[in-house]
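Residue-level listing of the chains:
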Amino acid sequence: MKPRYSVFSLARNAMNYHKDWERAWRSPTPKPEYDAVIVGAGGHGLATAYYLAKNHKMTNIAVVEKGWLGGGNTGRNTTIIRSNYLQDPSIAIYELARSLYEDLSQDLNYNVMFSPRGVLMLCQTQHEFRAFQRTAHANRLAGLDCRMVTPQEVKEIVPIINDDPNCRYPILGAYYQPRGGTGRHDAVAWGYARGADAMGVDIIQNCEVTGIQRDGGQVVGLETTRGVIRTKKIGVVTAGNVSTVMDMAGVRMPIESQCLQALVSEPIKPVIDCVVMANTVHGYMSQSDKGELVIGGGTDPYNNYSQRGSFPALEHTVAALVETFPIISRLRMLRMWGGIVDMTGDRSPIISKTPVDGLFVNCGWGTGGFKAIPGSGWVFADTIANDRPHPIAEPFGLNRFQEGRLIDESVAAAVAH
Amino acid sequence: MSKPYRLSTGGRFVDRAKKVSFTFDGKTVTGFQGDTVASAVLASGQRVFGRSFKYHRPRGVVGLGSEEMNALIGVGLGARHEPNLRATQIEIFNGMAAVSQNRWPSLTFDIGAVNNAFSRFLPGGFYYKTFMWPQSFWKHVYEPFIRRAAGLGKAPEGRDPDTYEQIHVHCDVLVIGGGVAGLAAAEAAAANGAKVIIADENPHLGGLADISGGAIDGQSLPDWSAATGAKLYAAENVHVLNRTTVVGHWHHNFVMLFERVADHDPALLSQGVPRHRLWKVRAHQVILATGSIERPIAFANNDRPGVMLASAARGMVERYGVAPGSNGVVFTNNDDAYQTALVLKDAGIGVRVVDSRGRAEGALPNKAREIGIQVDTGSVISAVNTSWGGLNITDVKIASYRRGQGRVIKETKAEADFVAMSGGWNPALHLWCHNGGRIHFDDKLQAFRPKEHHDRIVAIGAANGTFGLSQILTEAIHAGSKLAGSGKVHPVPAAVQADERPLEPIWFAPATAKYNEGNKHFIDYQNDVTAADLELAQREGYESVEHTKRYTTFGMATDQGKTSNINGLGVIAEASGKTIPEVGITTFRPPYTPFSFGSVAGVLTKDLFLPIRRTAIYQWHVDHGAVFEPVGQWRRAYTYPRNGETNHQSIDREILAVRNAVGLLDASTLGKIEIKGPDAAEFLDRMYTNMFSTLKTAKCRYGLMMNELGFLSDDGVTVRLSDDHFLMHTTSGGADRISAWLEEWLQTEWTQYRVFVTNVTENWSQFAIAGPKAREVLQKLDPTFDISNAALPHMSFVEGRLGAYPVRVYRISFSGELSYEVATPANYGLGLWTDIVAAGAEFGIEPYGTEALHVLRAEKGYIVVGDETDGTTTPIDVGLDGLVSKKKADFLGKRSLEQEHLKAPNRKQLVGLLTEDPNDVLPDGAYAVRQVKDKPPMEMIGQVTSSYRSPTLGRSIAMALIENGRNRMGETISFPLPGGKVVRARITDTVFYDKEGAKLNV
Amino acid sequence: MSELSYQSPLAGVAEPQGLSISIREIDERGMIDLRGLTSDAGFMAAVKGVIGVGLPVKPRTSASWGDVKVLWLSTDQWLILSSRARAHELLSQLRDALQGYHSLAVDVSDMRAIIRLEGDGCREVIMKGTSLDLLDPEYVQGCCRRMRYAEIAALLDVVEDNVFDIYVFRSFAHYTWNFLCATAKAPAKLKLFGAQEVPA
Amino acid sequence: MLAVKCPVCGAEGDETDFHAGGQAHIRRPATHDPAHVTDEEQRNYLFIRINPKGLHFERWRCDRGCGKWFHAARDTVTMEFKAFYGVTELPPADVIAQAKGQWAEYFANRLTSESKA
Ligand SMILES: Cc1cc2nc3c(=O)[nH]c(=O)nc-3n(C[C@H](O)[C@H](O)[C@H](O)COP(=O)(O)OP(=O)(O)OC[C@H]3O[C@@H](n4cnc5c(N)ncnc54)[C@H](O)[C@@H]3O)c2cc1C
Ligand SMILES: NC(=O)c1ccc[n+]([C@@H]2O[C@H](COP(=O)([O-])OP(=O)(O)OC[C@H]3O[C@@H](n4cnc5c(N)ncnc54)[C@H](O)[C@@H]3O)[C@@H](O)[C@H]2O)c1
Ligand SMILES: Cc1cc2nc3c(=O)[nH]c(=O)nc-3n(C[C@H](O)[C@H](O)[C@H](O)COP(=O)(O)O)c2cc1C
Ligand SMILES: [Zn+2]
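If you read the protein sequences in the order shown, they are chains A, B, C and D.
Going left to right, the first sequence walks through residues 21 to 437 as this note's numbering numbers them.
Going left to right, the second sequence walks through residues 3 to 1004 as this note's numbering numbers them.
Going left to right, the third sequence walks through residues 376 to 575 as this note's numbering numbers them.
Going left to right, the fourth sequence walks through residues -9 to 107 as this note's numbering numbers them.
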């Protein structure tokens, strides 16, 4: 067991100029064989490993990562956490995740700064208003704490909002999840990594999977840039790179990889204390604890593996936010970046067994999987450990594309973050 | 430092004849025209400009231009306030109000500075280790506290009064940077006939030339720059942009330039000149001449006001006639910084040099010794001491040094009030890297240099790691000539410059206590990241440079590590036993320096934010009190309340008018697409679920369209104009989408079809005249136009003249009443509309809006795609099985309908609902549950898709998609509403009014 | 019986003030959208017979004959311009002449609003809304093309060196007009390339 | 911002003047034999995509030019376009030769089936 983090350990270490802190995780060399190997040390992969060890006592396992852990989309998202989705299967998994976030810092003994500051989804057309009303009814009966709020309440919650009733898209109300919010994205990856490492999981960075070995219909190992690793269970959790990895096992995926961008402003003193999403005009914004306004853009409409997007996908968002929050006009953009998101045909994730025995896949989170990390790891670990879909994972199987059993969230909200 | 530090002479940029006054934190400061806030405030004797992010340490000016990371200020008042600006870049003007940031209550006494005292408890990443208990404290106590303490400046108050714009430009050659390299390259390219744009972020061209020493063709560098600049300004094929920062480089040489058009002159703003202009440049070739950025050397307390870059110190003297202090130490590992010593000495300022190298025998060091400057080689500054509060430097500690030495054994104190440091120069390769240019580490420079790039971009001059003047010119002129026009290479002028000896890397100087034992060696000044923080991150396993960056926030401040990146890598390399290239560099991302959101929005704000589409009747609707509803980009009249009516009342009045007399609706937004060709009928059979090849000429048919997934995507009435010619109506939102959809299938899948499609939506104004008296109104308008039931039965079409108006008349109905849709060319639309209103007056005609339309159709059980359907709904789900052809072999979506789930028995099906209490109107989107429980979760079986109070029936009606609904006719289901109320409703047929359709065929 | 009452898309719009170029609505123009195949010699000849000039087949060019002008829209689509009064007659002649040829001719005279820009600096003004390189030699009299302008689709016709017509769908007329008023403000006037003053 | 060129009308411009239309060369099974489309074929047609890191073949439309659809070969990492070609055509032979993995397989199959026909 690692020494715990606390204000006392901080004080104790300060006495010695912090020279005695232990490593948050080891840098192990790969063993020749594991009981299971997770490919991809993003939030989903690390959470899967953590729960495999914690809930299923599988500790002879590894996570292999081609770069640095948490460096994929987990390290570059706008950190919105909410569970007020429309479709039942979505509500189930996102709410499981959100509720795990509530005490994740304590569970991991790592402050992931889950900040339930509230998520406001604006209604700017009658149609949108009705769509959110529907979601509100569905969510209430599913047991979520969410409600519609009036334009006056919106103004109270977000004083900097443009409440001019004559503007291009006046605010007719909003759908509010008070216990949605944000989290510190990097810390989620780091906390899970530290937690998994403490239970013996090998997290192997700079180790790219280059081949999947099969014996007939069963996986038997992985080829990596750090050698061959034998294993009978592989969980592929590589987000934007899932098609290329699954291709190594001959499994073709219903996925396209596109670039999704985000940007931050220069840090300023607090001006907005919740997450605001304006779907009609395609913009959303929150403010980080450090003071930057965190803004998400759109995806480029073509496949892209470069982690560099095109400017128009951000431009419209910025114009929309200048209109929604006029004071930002004189603030400045500090940095923009992109991530490679894995888009499925129905914009819902895949948590599934595959036609190859021992090969499992968790992907398709696209533009909105940060919020799902704890829940996804929980049910995927269960699926891998028991070799059958966890009930919450079941609707997200690959077979849905063949049966037409799509889980289409875009019907409720154009932006699915 | 407190006395004024304006030198009696000098200052190339300032006009001593013109005094300019402004305020800094409310105190009036007077400088000269051409001063920056930094130079003017320094000249006034003040060194502290702000407080640092985490520890609230006092901070002063370090740099000379855009690399500044410390002296951040806010400028302007109220809605015109702009935070976080670099004082070194802000040109002063009369009346400017500048303020310092991140301090309370005042700059010299800041409560937040207690963080400094506790800094030992706040190492990099400390917050991940604490603030976890009790759980609820994060949101309510810790986080609000952290948030208030963090952030830098304050946001402006209110809406920005200024304007912004953008422009697109194409050029043969874009030269980024107007230093020696950029100027020479632009001149060569222009001479070869290329269309050239050259942009520099500064008000003056010349880059660092004016403080670099040397001569070109016998001209001093400032003279040469001015002369070359003047030629470029005068050239026909060159566009010169000053005060313009190139913020980013994207795919295929798309480059964005941020021009600060009016920030320096409020008179321009008041004339209405756009404040900022964003240039979107597509360049055939890009020449990167962005120069280099000097790097600091870390030592204990190196962040104290008065510690600055060597180039900044000499820039202050030469450009503004401002002394950085009265007695300084130049701390260097290279020859270039000796120029600073020479300049200081020349200006009568006390100076000595501390050089970390064992030997310094180049031309410049020798010259320095010659004129009597004390040079200590093999020495470093190990620390500076300050007066109380850290506001002023009192002395520096100097120690002897050998490369790799860990701790200082012996140090001497020297009085000094400022330090000018130089750790070498880093090529500014940010833009090179934005779009994936490769770089490599140059051991001699101890810096990264451009290597190769897949776009057409070359780097020259200091940006390419080339520092000798002759080499810079050769590179520049070759690049400029070769990339452009004739390709003729121009002669390279002769240049002279003192030659320089190599530098020796040093990232931080040792001190008596090591940097990780409580001494603060700042690497990233703005985010208060010290060498110890970087080392701790390594030790804790955050080994990747990207981890270290995110764990410590190194390089993440508003300067994006311009001066600190390589130093940080150097520290990490030493801590981890790797080389700098092994450590690697973090990703460069746009923008080069922060730029305004206003410029990104450009003119697209307020009423230009997104286009509003208007029908020809728009102004009439406005004049008649319409409440509008956005439908796509259209604004449609929702209802027309009058005499203090509520929306509800006016909607009811409009509905009853249609049911009992006649109503008039502006339906111009409906899509209208002409489709013609020998294969048109067969093509429509592919597009629609139902059959169109059997439709007779002059007849109308309602059609359904699915996407390939089998879900409803649009509907509308299509009329056959002649054997090979159809006119299709789509929903208002569907016009462009569906016409593109038709084209797509014709062009990509059924290329053999001979069919043309033309979208004529906007050519026509189209109105529905609906109600039992509709015919009478039209007859009154033109008694000769035969629209009798016999001549024009339901679902038929006629073209002709209604009075003077050319019209197409469709006998179709979305209200269930006798109804005509009349279309006339849009420029006649308003005329016909007003005529109909006039003719209808005696029949009680009322214009009605979209909401009345929706209630009317719901009373008849007609669906609206988008209300009854949500993108996962099939035609079968909404009970339109009859419109899904069994005969046609193939049409869009057909195959998908056969998928297991789309045929499943328990799918939700469209039904009508009548609430038990007729006064209960079910909310839109309310869900029915299998069984009501006292608290959630409850299992849901379907949802209301449309719900209204029907004035016609005097009760509520609704439609809903309910699991297996069509087999549940008569069953009563329950809708638990917010607040605990449960509404019960009986499942019925969806048609609530005139089931047999008697009203239609009259 | 009613009189025909006519109203152009920008009827009643306020005279713009303080612009660096002149903008005004061009009204009463007849427009026919014509589709057909250039490979169909009969079609091409029939059209020429009616309008007096062969359809331009080179992308982004126009052709004129008397008061009729044809703008190339696509490889199989053209916009025939005439006076509004003539459009009707032209259309029926075309329809007669095109009997038996696979084609589609529609009167679209009311579908678009036309705004004329005149004066020095028009190109720069338009380039504030489009990514086309209007300084390219291609954009001389006789050139026309579709473009993305501001946030919408538009059609540009280079009438003369400093005279441009912008065609937009009718419903966007006011938006386009306002966009032009915002980007053509005199204080925002811009001249690209050419001799510049050296700043003080 | 990609610079795209339409092979039909020759218009060159920003990607915003064009419309990206996803993977090229997808066969719609129902067009050919509507009565015998298996669930798997339909799924492949609707959802399964070649999603290569590297050379890709895709559809574009000249949205603000001639309005025609066309094909492009583009590298999804560097974003470079290798070719623009007609909507009913195959890419130029030298570009086909650069195709890897599933694309290489696809073109090999198409070329053999076409040479048989
Ligand atoms: C700009 C942006 C904004 C977003 N905003 C939000 C938001 O506000 N809220 C939200 O909920 N979601 C958001 N998302 C989505 C969210 O970030 C992702 O869904 C989520 O992080 C995915 O996590 P992951 O673990 O599946 O993937 P990743 O974090 O991408 O991890 C996958 C890992 O697999 C590794 N890998 C790939 N190939 C190989 C290989 N061959 N061998 C070994 N390792 C490999 C990668 O290096 C990577 O580290 C956003 C995404 C982006 C890009
Ligand atoms: N001897 C040395 O060690 C040494 C070191 C540094 C500089 N120098 C001198 O510096 C000069 C180098 O010439 P140069 O022309 O290569 O560089 P430069 O630094 O003189 O000029 C570069 C210019 O580009 C501007 N710039 C940078 N990024 C920009 C952006 N994104 N947008 C707009 N403008 C941008 C800078 O502000 C600067 O004005 C020479 O005079 C050389 O002697 C010498
Ligand atoms: C929520 C959030 C906040 C961020 N804040 C900052 C910031 O304050 N400063 C900064 O330089 N980058 C910030 N970034 C961006 C990162 O520096 C980085 O660009 C991003 O993680 C993507 O990685 P890459 O640019 O290295 O590819 C932030 C990123 C996220 C996701
Ligand atoms: Zn084209």
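If you're looking for bench data, these hints aren't it; they were derived computationally from the structure.
Just so you know, not all the hints are guaranteed correct.
[Claimed, not checked] Example chain A residues on the side facing chain D (calculated, C-beta under 10 Å, incomplete):
1) Glu276
2) Pro321
3) Thr364
[What the hints assert, rightly or not] Result set (DSSO-like, lysine-lysine): computed pairs, CA atoms no more than 27 Å apart in a straight line:
4) A:Lys289 with A:Lys86
5) B:Lys905 with A:Lys373
6) B:Lys905 with B:Lys698
7) B:Lys453 with B:Lys580
8) A:Lys175 with B:Lys141
9) B:Lys997 with A:Lys289
10) B:Lys453 with D:Lys106
11) B:Lys1001 with A:Lys86
12) B:Lys1001 with A:Lys51
13) B:Lys580 with A:Lys86
14) D:Lys72 with B:Lys484
15) A:Lys86 with D:Lys90
16) C:Lys433 with B:Lys608
17) A:Lys289 with B:Lys905
18) B:Lys1001 with A:Lys289
19) A:Lys86 with A:Lys74
20) B:Lys141 with A:Lys310
21) A:Lys51 with A:Lys175
22) B:Lys453 with B:Lys156
23) A:Lys39 with B:Lys412
24) A:Lys310 with B:Lys580
25) B:Lys141 with A:Lys289
26) D:Lys90 with C:Lys433
27) C:Lys433 with B:Lys233
28) B:Lys233 with C:Lys566
29) A:Lys74 with A:Lys22
30) B:Lys516 with A:Lys39
31) D:Lys72 with D:Lys90
32) B:Lys997 with A:Lys39
33) A:Lys175 with B:Lys698
34) A:Lys289 with A:Lys253
35) D:Lys90 with B:Lys484
36) A:Lys252 with A:Lys175
37) B:Lys1001 with B:Lys782
38) D:Lys(-5) with C:Lys564
Even for Gly, the Cβ is constructed at its ideal location relative to N, Cα and C.
For this session: Hint by hint, work out which the structure violates, then give me just those numbers in ascending order.
Result: 4, 6, 9, 10, 11, 12, 16, 17, 18, 21, 22, 24, 26, 27, 32, 33, 34, 35, 36, 38
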